[in-house]
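Enquirer: Chains as they are written, first to last, in our numbering: chain A, 64 to 429; chain B, 64 to 429; chain C, 64 to 429.
A couple of the hints might just be wrong.
Identical chains share a label here; the pair holds if one copy fits it or two copies do between them.
[Claimed, not checked] Below, a list of computed lysine-lysine pairs in the DSBU-like style, where the Cα atoms sit at most 35 angstroms apart: (1) Lys367 to Lys106; (2) Lys367 to Lys148; (3) Lys292 to Lys148; (4) Lys121 to Lys92; (5) Lys106 to Lys359; (6) Lys148 to Lys359; (7) Lys92 to Lys106; (8) Lys104 to Lys359; (9) Lys106 to Lys292.
Calculated from the structure, these hints are not laboratory results.
Source: prediction; values computed, not measured.
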Amino acid sequence: MVTDKIKRKAAANPEKPPLYSEGLYPNPKKLIAQDTIDINKLKGLVGKSILSIDQFDKDMVLEICKFAALLETTTIAESHPLDGKIIITAFFEPSTRTRLSFESAVLRLDGKIISIPEGQATGVAKGESLSDIGEMFNAYGDLVVVRHTETTAVDELLHNLRLPLINAGNGSGEHPTQAMADWFAILKWKPRLKQDVIAPEDRIHLGILGTPGSMRAVNSFLRLSLLFKAGIRRISIVSDLADPLGPELEESLNRSGIRYDITNDINTVLSDMDVVYMNSIAFLGDSYKTLDSRFKLDAGSNLKEDAVVLHPLARLDELDPTLDGTHHNLYFTQAHGAVFIRQALLISVLNRFDRIPPATPGIVKS
Amino acid sequence: MVTDKIKRKAAANPEKPPLYSEGLYPNPKKLIAQDTIDINKLKGLVGKSILSIDQFDKDMVLEICKFAALLETTTIAESHPLDGKIIITAFFEPSTRTRLSFESAVLRLDGKIISIPEGQATGVAKGESLSDIGEMFNAYGDLVVVRHTETTAVDELLHNLRLPLINAGNGSGEHPTQAMADWFAILKWKPRLKQDVIAPEDRIHLGILGTPGSMRAVNSFLRLSLLFKAGIRRISIVSDLADPLGPELEESLNRSGIRYDITNDINTVLSDMDVVYMNSIAFLGDSYKTLDSRFKLDAGSNLKEDAVVLHPLARLDELDPTLDGTHHNLYFTQAHGAVFIRQALLISVLNRFDRIPPATPGIVKS
Amino acid sequence: MVTDKIKRKAAANPEKPPLYSEGLYPNPKKLIAQDTIDINKLKGLVGKSILSIDQFDKDMVLEICKFAALLETTTIAESHPLDGKIIITAFFEPSTRTRLSFESAVLRLDGKIISIPEGQATGVAKGESLSDIGEMFNAYGDLVVVRHTETTAVDELLHNLRLPLINAGNGSGEHPTQAMADWFAILKWKPRLKQDVIAPEDRIHLGILGTPGSMRAVNSFLRLSLLFKAGIRRISIVSDLADPLGPELEESLNRSGIRYDITNDINTVLSDMDVVYMNSIAFLGDSYKTLDSRFKLDAGSNLKEDAVVLHPLARLDELDPTLDGTHHNLYFTQAHGAVFIRQALLISVLNRFDRIPPATPGIVKS
């Protein structure tokens with residue numbers, strides 16, 4: 064049996080345009096309009112590992128985001144930018160979404176992939192040290208993307224590794240490329256946040272649902288947000304924990320001069336927020352902790368008229384699909400953009416700027 | 064230890080010709096001899112999902128089969144027809160043969176693959192809705208091939224999906240590309256079945272072992288057979304069930320005007336059949352039901368002199384290897400041809416006709 | 064949290080040169096200096112399966128090793144030597160290292176991969192015969208790399224297979240490409256072992272830790288070593304078993320005229336060995352047997368000044384990382400070289416010599 068719905072779909076199924084061309088989602092071109100991309104700045108990433116947000120300054124993040132916007136709006140697959148390069152995706156903590164986001168980025172650029180979707184379950188790592196695995200990677204590829212349950216795993220892999228490494232999440236440490244994807248979405252939504260001087264009425268109230276001190280993506284997002292402090296008037300951290308920051312992040316926040324508050328009741332702050340950053344799932348050892356049931360959003364939530372919601376997905380019931388068709392939905396933009404952020408990083412680290420079509424507008428080459 | 068047999072093989076192993084060049088198997092060229100392929104007809108598939116046999120008319124199936132025959136007998140890999148395209152193979156019900164058949168088709172055309180061999184077991188689908196997974200696929204690829212245990216799964220995926228989808232088997236629903244591969248084999252064997260008017264002595268008796276009403280591949284095969292009714296003089300359905308058709312298929316059969324009968328004793332009809340279609344394994348929820356032991360074929364079975372046997376493989380003992388070296392064996396042809404049917408569909412849906420070498424004989428371009 | 068070590072690494076991470084350019088590891092160029100590669104000899108492999116060391120003579124192994132050395136020191140990825148070819152890696156006994164070594168070789172040459180990492184666990188082989196699986200492979204690819212727990216599995220696959228097959232380990236049988244990788248490392252370390260006449264003082268004492276009669280990699284290594292008998296003054300086999308050879312290997316050793324001895328006490332022979340070949344892990348049915356604890360090497364072991372150690376990795380504690388930074392470490396060279404041995408074999412079997420850049424020095428084409 065095939066349902067009637069299927070038959071109608073099959074009859075009607077048109078070639079669909081990119082997400083942003085339908086008007087609901089911000090167009091990446093807004094981010095690079097009347098602007099250029101400084102390849103010389105990006106060349107600072109050549110051969111480098113991407114481990115922590117602390118490696119980056121605001122200008123570098125901006126160039127990465129603008130480069131990603133260019134890649135999102137340009138047909139570049141036929142230039143085969145990563146021709147001949149092998150990227151190893153080694154996920155010692157499985158994550159289908161993140162792994163496939165990286166792999167899609169690699170494939171779109173014509174790179175090759177050696178995929179290790181379950182590093183802990185396969186022969187790799189059965190009693191073998193991470194430094195030996197790093198040495199093996201040297202023989203097999205040109206760049207390694209790693210996720211691991213242990214915060215220290217990246218250190219151990221780097222011991223023998225001779226290739227650049229992109230940290231795709233290390234224990235309770237960092238997840239820098241996710242944070243860049245998050246800010247890529249925010250900058251598409253409000254490009255004036257690029258600027259160094261921003262009028263008070265344009266500054267945003269950032270709401271963070273989660274614990275930056277123990278959740279790596281929230282940690283990286285908060286660290287990256289501090290680089291854009293000129294555009295932030297207030298940060299609210301919504302968490303059930305008494306101390307969701309820890310001393311290092313607390314000091315960084317204090318040093319930034321941004322007003323911030325911590326609460327366990329989202330209802331006291333939600334209606335003032337411009338950006339609501341959700342990250343529902345915390346990996347705690349072998350299990351997942353979901354957000355308290357008070358932290359749920361749907362089309363009936365008391366959101367500001369033009370507020371936007373970020374969520375790395377996958378979602379359970381904390382983020383209701385009734386928001387999908389509204390202007391609050393920035394999370395689809397965020398997921399789509401992540402693929403292009405990763406493309407920008409791969410081209411930069413592997414120094415394949417010369418494979419970008421020469422006529423690409425907005426590129427300033429060295 | 065290496066056996067003596069291995070050593071002899073290693074010494075003798077020649078470069079082997081294609082399956083059909085040995086004479087035992089029908090040559091695909093017979094299907095396109097003195098004929099042309101109408102690209103304009105095939106362009107009706109551009110951007111479309113392939114969900115059900117009901118989408119197709121006989122002419123479209125013929126063009127697909129002739130295009131597949133051309134691809135099977137032409138060296139096309141060096142034209143890189145799917146260069147830059149990413150195909151996602153998402154198998155929520157594992158099937159190594161079908162998945163690899165699609166993936167081989169993609170790779171031969173230089174497309175890229177994001178493979179999800181066990182959708183139910185990986186992070187994908189752990190509590191995540193199929194419509195969210197469809198939205199994720201939008202960001203990662205250009206076309207999705209899906210198999211799922213649930214008949215309604217394709218509907219749910221299509222909710223947010225902006226890419227064309229090829230249904231590789233949905234629950235007890237359909238499996239349209241398998242049915243096309245089945246008829247591709249039949250048409251290679253007897254090309255005159257292409258015609259709209261067929262002499263009575265050339266019409267075939269089609270034997271179907273299985274239950275079209277609940278087995279998706281048998282369902283799609285029967286629906287597709289009805290498009291070729293001009294060449295069918297009789298259909299026998301061999302099944303242990305009292306009602307193997309269900310009301311919708313029964314009505315379609317009645318409307319076709321083809322003589323048909325239902326029996327649970329293959330011995331009463333086998334010796335008259337021209338095509339014996341086997342499909343031994345029915346997926347029933349989480350388990351497999353094998354055919355009754357009476358339904359077994361071997362070289363000693365009472366087959367007509369020039370009858371052929373179809374079987375989608377893998378087989379257990381219902382189809383004996385003693386038939387492999389006989390002219391009754393059309394199932395190897397069927398399995399080989401499936402890769403080219405899928406190539407024809409991929410090129411058509413993704414509109415890469417322009418990548419076919421211009422000098423390819425038999426192609427009529429628009 | 065990101066550790067301070069990570070931050071320092073990120074700051075400093077330079078583009079790393081190939082392994083051998085640091086001086087600790089032998090440069091592959093030593094193996095082809097003032098020498099040529101005879102493509103005509105290598106063409107003897109076109110279309111052939113690689114099943115056993117017994118197929119090869121010393122000259123063929125030398126040409127393969129020299130070709131591998133050329134590939135290791137030449138940028139060849141941009142020539143796309145395996146463009147359009149599909150290689151199936153079918154591992155019915157999982158082995159991440161060996162599989163990824165083959166897959167890296169394929170990808171570096173721009174071949175495509177159909178990967179079956181766990182043949183026993185997937186749909187393939189669930190009650191299906193190996194000869195049917197071989198027939199399926201015919202439809203899907205151009206060459207098959209197979210590992211299997213059963214020694215006879217390769218025979219069964221070859222029954223219907225029309226493609227060349229590379230044996231990547233069959234039960235207690237052979238593992239010929241590993242043995243070539245082992246000797247590739249030895250020849251890089253001491254290129255004069257290529258010669259047919261070697262001065263007594265240049266001949267080596269080969270120590271083999273393991274049981275050649277039941278461990279496939281050790282079996283293939285010993286068989287291959289006998290081809291280089293002109294350079295071997297003594298072979299010591301260190302094993303706990305009373306008869307680690309079996310009658311066939313014992314006869315081969317006797318026929319070679321090489322002095323050999325069998326001992327269970329490594330301390331009586333270690334200080335005289337020039338090459339120490341370790342292979343710690345024996346696959347015995349479903350379990351692994353580790354070497355006796357006496358067979359351990361570290362930087363304090365009584366090794367000869369210029370002795371080298373081979374180990375196929377992964378290692379547990381039988382080979383201590385304190386040896387990694389010493390000149391005794393030939394095992395990193397060995398693992399790196401394996402990828403290029405496999406590249407040389409793939410290009411040869413698939414006859415893609417014409418895709419090698421014409422100006423490549425040292426190549427003698429037909």
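Enquirer: Each hint: holds or not?
Expert: Here is what the structure says about each hint:
1. Lys367 to Lys106: This pair counts as neither: shortest intra-copy Cα distance 40 angstroms, inter-copy 47 angstroms.
2. Lys367 to Lys148: Neither way: Lys367 and Lys148 sit 46 angstroms apart in one copy and 40 angstroms across, limit 35 angstroms.
3. Lys292 to Lys148: For Lys292 and Lys148, the Cα distance exceeds 35 angstroms both inside one copy (37 angstroms) and across copies (40 angstroms).
4. Lys121 to Lys92: This pair counts as within: shortest intra-copy Cα distance 20 angstroms, inter-copy 46 angstroms.
5. Lys106 to Lys359: This pair counts as neither: shortest intra-copy Cα distance 42 angstroms, inter-copy 46 angstroms.
6. Lys148 to Lys359: Cα proximity of Lys148 and Lys359: none, with 43 angstroms in one copy and 38 angstroms across.
7. Lys92 to Lys106: This pair counts as both: shortest intra-copy Cα distance 23 angstroms, inter-copy 32 angstroms.
8. Lys104 to Lys359: Neither. Shortest intra-copy (41 angstroms) and inter-copy (50 angstroms) distances fail the 35 angstroms Cα cut-off.
9. Lys106 to Lys292: within (25 angstroms within a copy, 53 angstroms between copies)
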